[in-house]
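Asker: Sequence:
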Amino acid sequence: MSTPLADTTNPDLGLLYAVNGLAKRSPQWLDHLVSWIGEYGILIGLAMLGLVAWLQARRRPDAPVAVAGLLWVPLSVAIAELANLPIAAIVNRPRPFVDHSGLLVLVDGKAGTHSFVSDHSTMTMGVAVALFLVNRRLGWIAGGLALLQGFCRMFMGVHYPTDVIGGFALAAAVVLLLAPIAMAVLVPLCHALSRTAVAPLIRAPERGGAVPRGRRRGRERRAVRSEEQPPESDLAA
1 MSTPLADTTN PDLGLLYAVN GLAKRSPQWL DHLVSWIGEY GILIGLAMLG LVAWLQARRR
61 PDAPVAVAGL LWVPLSVAIA ELANLPIAAI VNRPRPFVDH SGLLVLVDGK AGTHSFVSDH
121 STMTMGVAVA LFLVNRRLGW IAGGLALLQG FCRMFMGVHY PTDVIGGFAL AAAVVLLLAP
181 IAMAVLVPLC HALSRTAVAP LIRAPERGGA VPRGRRRGRE RRAVRSEEQP PESDLAA
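Residue numbering for the sequence shown follows this note's numbering, starting at 1 and increasing by one per position.
It is possible that some hints are incorrect.
With a straight-line Cα cutoff of 25 Å, these simulated DMTMM-like cross-link-like pairs (lysine to aspartate or glutamate) come out [as the list claims (entries may be wrong)]:
id	residue 1	residue 2
1	Lys24	Asp99
2	Lys110	Glu81
3	Lys110	Glu206
I should point out that these hints are in silico values taken from the structure, not numbers from a laboratory.
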């Protein structure tokens, strides 16, 4: 039996029919493309953005802090997805095509699963918000992909607009509210790891085979001392 949320308001349902109607008027190859992007493509793109962000973070002066922020990206997404489990069970909202006819469903296997909130929207917006805290440029790109993800889910006929908005809100709340606690743990951890054998994962090695800081400082001190000593007199011969 449908819950009250299944009886969507006209704007919610109207927007869904409008976006899904684009799928009906599109060629089949475009429907398949959007379906692949909405199911896998955007998630792959976000993973690539995360890799780029990590490569850049390792070269920053505050590398341990930046890498700690990137560790928060997958952790926050996992927490948001776990938080969605009781929400989905309590709301128990069926997929839109269950209660409303005339929708073109572009992906199989969604019947019998919960519609609110959208898992894909939660994941993509969680990555976008957490990534924005570390790298604003990549965060904006990820945010654009998250919005595209929401559009694709409606285009595919598997989510209401409010499912997408709910996923965005849940992800942003988890990332922003728990970030101070997470960073209080992750930053010292990354600082500690930067002094171990896994240091290259935290901070990029210096180019040109540079001497480690301790040795470099020792050599600099010896050089200064040698310069301060007066040259030997020729009369010593």
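Asker: Work down the list of hints and note, for each, if the structure agrees.
Answerer: Status of each hint after checking the structure:
1. Lys24 with Asp99: holds, 19 Å
2. Lys110 with Glu81: At roughly 17 Å apart (the allowed maximum being 25 Å), Glu81 and Lys110 satisfy the hint.
3. Lys110 with Glu206: violated, 50 Å
Checked against the numbered hints listed earlier, the structure breaks hint 3 alone; every other hint is satisfied.
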